[in-house]
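A.B. asks: Which chain is which? The protein sequence lines are U and D, in order. Going by the working numbering, the first residue of the first sequence is number 205, and it counts up by one from there. Going by the working numbering, the first residue of the second sequence is number 205, and it counts up by one from there.
Do not take every clue at face value.
Pairs count within a copy or across copies, as identical chains cannot be separated in the list.
Below are the SDA-like pairs computed for lysine to any residue, each with C-alpha atoms no more than 25 angstroms apart in a straight line [unchecked claim]:
#1 Lys-480 <-> Asp-296
#2 Lys-329 <-> Leu-218
#3 Lys-392 <-> Pro-452
#4 Lys-480 <-> Met-214
#5 Lys-424 <-> Tyr-359
#6 Lys-249 <-> Pro-448
#7 Lys-424 <-> Ser-358
#8 Lys-249 <-> Trp-340
#9 Lys-237 <-> Glu-431
#10 Lys-329 <-> Thr-216
#11 Lys-237 <-> Phe-369
#12 Lys-237 <-> Ile-327
#13 Lys-480 <-> Ala-413
#14 Lys-329 <-> Asp-296
#15 Lys-237 <-> Ala-315
#16 Lys-424 <-> Ser-219
#17 Lys-329 <-> Leu-404
#18 Lys-249 <-> Ser-338
#19 Lys-237 <-> Thr-339
#20 Lys-379 <-> Ser-244
#21 Lys-329 <-> Tyr-359
#22 Lys-480 <-> Gly-400
If you are wondering where the hints come from, they were derived from the structure by calculation, not from laboratory data.
There are 2 protein chains.
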Amino acid sequence: GVFGGRMTEMATRLSADVVTIDDEWGQPVDPQKLEAALESNPDTKIVGFVHAETSTGALSDASKLAEIAQRFGCLTIVDTVTSLTGSPLYVDDWGLDAVYSGAQKCLSSVAGIAPLTISDRAIEKINQRQTPVSTWFHDIGLIDGYWSESSSRSYHHTAPVNSIFALAESLRLVKQEGLERSWERHRKISQTLLTGLSQLNLEMMVEDASIRLPQLSVVKVPEGIDEAMVRARLLQEYDIEIGPGLGPLAGQVWRIGLMGYSCRSENVERLLGVLKEVLSDLPEVSSSSG
Amino acid sequence: GVFGGRMTEMATRLSADVVTIDDEWGQPVDPQKLEAALESNPDTKIVGFVHAETSTGALSDASKLAEIAQRFGCLTIVDTVTSLTGSPLYVDDWGLDAVYSGAQKCLSSVAGIAPLTISDRAIEKINQRQTPVSTWFHDIGLIDGYWSESSSRSYHHTAPVNSIFALAESLRLVKQEGLERSWERHRKISQTLLTGLSQLNLEMMVEDASIRLPQLSVVKVPEGIDEAMVRARLLQEYDIEIGPGLGPLAGQVWRIGLMGYSCRSENVERLLGVLKEVLSDLPEVSSSSG
Chain U
205 GVFGGRMTEM ATRLSADVVT IDDEWGQPVD PQKLEAALES NPDTKIVGFV HAETSTGALS
265 DASKLAEIAQ RFGCLTIVDT VTSLTGSPLY VDDWGLDAVY SGAQKCLSSV AGIAPLTISD
325 RAIEKINQRQ TPVSTWFHDI GLIDGYWSES SSRSYHHTAP VNSIFALAES LRLVKQEGLE
385 RSWERHRKIS QTLLTGLSQL NLEMMVEDAS IRLPQLSVVK VPEGIDEAMV RARLLQEYDI
445 EIGPGLGPLA GQVWRIGLMG YSCRSENVER LLGVLKEVLS DLPEVSSSSG
Chain D
205 GVFGGRMTEM ATRLSADVVT IDDEWGQPVD PQKLEAALES NPDTKIVGFV HAETSTGALS
265 DASKLAEIAQ RFGCLTIVDT VTSLTGSPLY VDDWGLDAVY SGAQKCLSSV AGIAPLTISD
325 RAIEKINQRQ TPVSTWFHDI GLIDGYWSES SSRSYHHTAP VNSIFALAES LRLVKQEGLE
385 RSWERHRKIS QTLLTGLSQL NLEMMVEDAS IRLPQLSVVK VPEGIDEAMV RARLLQEYDI
445 EIGPGLGPLA GQVWRIGLMG YSCRSENVER LLGVLKEVLS DLPEVSSSSG
């Protein structure tokens with residue numbers, strides 16, 4: 205997906221020698237392909253992947269991928285931007301090394317701050333660096349010296365205190381609900397959405413339910429529909445925003461987010477009702493649906 | 205100062221070939237030294253400097269430095285983190301090229317968002333790059349494609365909307381007061397502080413009033429005083445925070461900020477009263493002041 209591609213671009217810009225594993229869009233990362241790639245590239249040091257790919261709606265098996273990476277002596281970098289609190293994620297049990305997320309997805313907090321966790325194994329690797337990181341801003345070693353309780357808290361940046369308070373409040377709400385209950389809520393509410401969408405004869409991009417994200421449903425746009433007009437009407441007339449397709453899926457799918465606080469049955473009911481109205485109102489589908 | 209040094213470190217990490225100009229701490233950047241350095245290094249492409257140095261309290265002559273840089277065909281990168289809205293700053297009139305600031309200083313807004321302006325000349329230079337910027341995050345060309353009205357607004361990042369609203373509100377307040385009046389307020393209120401400090405026999409780090417920052421007063425710690433204890437007492441007993449010295453000035457100075465909303469006479473009066481009490485209370489100075 206787009207964000208796997210983004211990770212590749214970031215690593216390439218930093219002069220990393222990247223071997224990419226290509227899967228069909230809408231499919232999770234194939235563990236067998238990872239294994240084969242590591243066998244043919246024994247010098248590989250880091251395996252990076254997206255847990256919940258926001259452009260396709262597919263969930264990869266982070267546990268399995270990390271297990272393979274470890275078997276080949278690699279550290280893992282895992283994008284959990286869309287999975288954190290929406291899908292099961294066990295950073296320590298699965299042995300993930302550098303795991304980043306966003307506050308604006310299932311945490312329903314402010315955008316502009318990124319939760320990050322780094323394993324001891326990865327910190328050790330960082331501490332062994334012989335060359336300085338090319339940007340001061342992203343130098344995790346320095347940030348660790350600012351954050352970590354074991355260090356002297358040497359100044360690195362002015363802390364974005366308002367965002368940190370917002371994030372702390374979001375985490376408090378997650379704790380109050382309980383992680384497992386949050387995952388279950390995302391699963392259940394998205395099931396209601398899927399049932400309703402199929403009643404509108406809309407098909408999902410990811411067919412296999414076991415790898416389909418509950419917090420982000422990617423729906424195929426029916427033939428002959430002006431998909432941008434549907435999104436514009438939802439937004440302008442009903443104040444509901446759904447996302448367009450990204451990358452090669454542009455124009456072909458809608459991306460419906462049900463993340464964190466917005467993942468509630470009243471939102472699903474409202475969207476389904478409005479979507480039915482807007483779709484039946486379009487000249488292109490009125491003949492087949494009327 | 206510390207932040208000029210930081211700029212050097214950042215450029216060095218990005219493999220720039222940096223020629224530094226060293227001035228005594230507490231002195232502004234010497235224009236003659238810049239001129240001499242550019243004469244001996246005719247290949248120089250960029251001149252970078254800090255306008256208002258937060259570690260020493262000294263203001264450099266950005267207009268003069270930019271004029272010299274332009275005469276030698278260089279672009280300028282100017283740190284205005286502490287100067288913006290606290291000291292006169294004319295980005296266009298002075299012909300500054302890449303100018304960054306912070307929202308948490310004289311704008312009195314939230315930390316975590318950085319105002320930035322880039323001249324057409326610098327954008328042209330950026331657009332002519334042959335190699336990609338090493339970090340996606342800091343790629344101004346891509347950010348320009350997201351921001352700029354002339355572009356197709358291609359997605360670069362999730363906008364930190366809460367911080368942007370906070371910044372917009374701060375800018376509205378600055379506009380309401382008027383930039384010139386804001387500068388004048390900073391000048392006037394800091395004068396009250398300086399008068400009060402000299403009555404307490406405290407000396408300023410920057411002696412020359414014409415290059416002294418109004419928004420940040422750097423005060424010499426009197427001999428024999430436990431400066432950290434003074435700061436701790438101000439904070440714990442009176443809820444007033446003043447900064448310690450940075451870098452080589454650690455332990456030697458206090459840094460008193462009067463920035464944006466906090467730059468008000470009642471704050472100055474309160475600090476002066478409390479400081480008098482705390483200083484006369486210390487065993488070390490009680491004999492000379494009592």
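A.B. asks: Could you run down the list of hints and mark each one as holding or not?
C.D. replies: Hint check results:
1. Lys-480 <-> Asp-296: Neither: 44 angstroms inside a chain and 53 angstroms across chains, both beyond 25 angstroms.
2. Lys-329 <-> Leu-218: both (17 angstroms within a copy, 21 angstroms between copies)
3. Lys-392 <-> Pro-452: Intra 30 angstroms, inter 59 angstroms, cutoff 25 angstroms: neither.
4. Lys-480 <-> Met-214: neither (41 angstroms within a copy, 54 angstroms between copies)
5. Lys-424 <-> Tyr-359: between (49 angstroms within a copy, 22 angstroms between copies)
6. Lys-249 <-> Pro-448: neither (35 angstroms within a copy, 42 angstroms between copies)
7. Lys-424 <-> Ser-358: between (51 angstroms within a copy, 23 angstroms between copies)
8. Lys-249 <-> Trp-340: both (23 angstroms within a copy, 22 angstroms between copies)
9. Lys-237 <-> Glu-431: Result: close neither inside a copy nor across copies, 34 angstroms intra and 62 angstroms inter.
10. Lys-329 <-> Thr-216: both (20 angstroms within a copy, 23 angstroms between copies)
11. Lys-237 <-> Phe-369: neither (42 angstroms within a copy, 45 angstroms between copies)
12. Lys-237 <-> Ile-327: neither (28 angstroms within a copy, 42 angstroms between copies)
13. Lys-480 <-> Ala-413: Classified as within; 23 angstroms inside a copy, 70 angstroms across copies.
14. Lys-329 <-> Asp-296: within (17 angstroms within a copy, 46 angstroms between copies)
15. Lys-237 <-> Ala-315: Neither: 34 angstroms inside a chain and 44 angstroms across chains, both beyond 25 angstroms.
16. Lys-424 <-> Ser-219: So Lys-424 and Ser-219 fail the 25 angstroms test inside a copy (37 angstroms) and across (47 angstroms) alike.
17. Lys-329 <-> Leu-404: neither (52 angstroms within a copy, 52 angstroms between copies)
18. Lys-249 <-> Ser-338: both (19 angstroms within a copy, 20 angstroms between copies)
19. Lys-237 <-> Thr-339: So Lys-237 and Thr-339 fail the 25 angstroms test inside a copy (33 angstroms) and across (28 angstroms) alike.
20. Lys-379 <-> Ser-244: The answer is neither: 43 angstroms in one copy and 62 angstroms across copies each exceed 25 angstroms.
21. Lys-329 <-> Tyr-359: within (22 angstroms within a copy, 33 angstroms between copies)
22. Lys-480 <-> Gly-400: within (10 angstroms within a copy, 71 angstroms between copies)
When each numbered hint is compared with the structure, violations occur for hints 1, 3, 4, 6, 9, 11, 12, 15, 16, 17, 19, 20.
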